[in-house]
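A.B. asks: FYI, in the numbering used here the residues of the sequence shown are -14 to 128.
Think of the hints as simulated: they come from the structure by calculation, not from any bench.
All figures in this text were calculated on a predicted structure; none of them were measured in a lab.
The reader is advised that the hints may include incorrect statements.
Claimed, not checked - In silico EDC-like cross-links for lysine to aspartate or glutamate, where the CA-CA straight-line distance does not exceed 20 Å:
(1) 33 x 3
(2) 33 x 43
(3) 109 x 95
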Amino acid sequence: MDAARAAGAAGEASQPQDVATMHQLLRSMGVDEFEPRVVNQLMDFMYKYATDVLLDAEVFSEHMGRGAGHVDLNGVSLAIQSRAAGFAQPPPQERVAELARLYNDVPLPDINLKPGLPLPADAKQLTAPNWQYDPNQQYQQQR
């Protein structure tokens, strides 16, 4: 064990158990260097997620007729499943590389070297008229 890890391990003894667990989790994922704020952010996320799951589980358990303030395993499972829908899996790296290659193969438009500020086409400018008026058309009520 190198000196930096030994110093980190000695510092973890004085930390709360949750913080030490978060450090171990980060290390197990191969993250050896991180700012201390990362741990705080992950702890906030973890506490909020756990609180929300338990509150939802309480509502689900109450709805299933278990009584107010009672949380059971079925309610927790249902709450976790309902929250899991909010976490989308990223696409595979190969698909991302393929899409990047497709988009990067399209050449950029030529740069217009006219003097002055380059403006978009007239139809896309905010000062372009975006309405039509025909004074010959009579107002007709729909019946």
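A.B. asks: Work down the list of hints and note, for each, if the structure agrees.
C.D. replies: Each hint, compared with the structure:
1. 33 x 3: Judged against 20 Å, a Cα distance of about 14 Å means the pair holds.
2. 33 x 43: Between residue 33 and residue 43 the Cα gap is close to 15 Å, so the pair holds against 20 Å.
3. 109 x 95: holds, 18 Å
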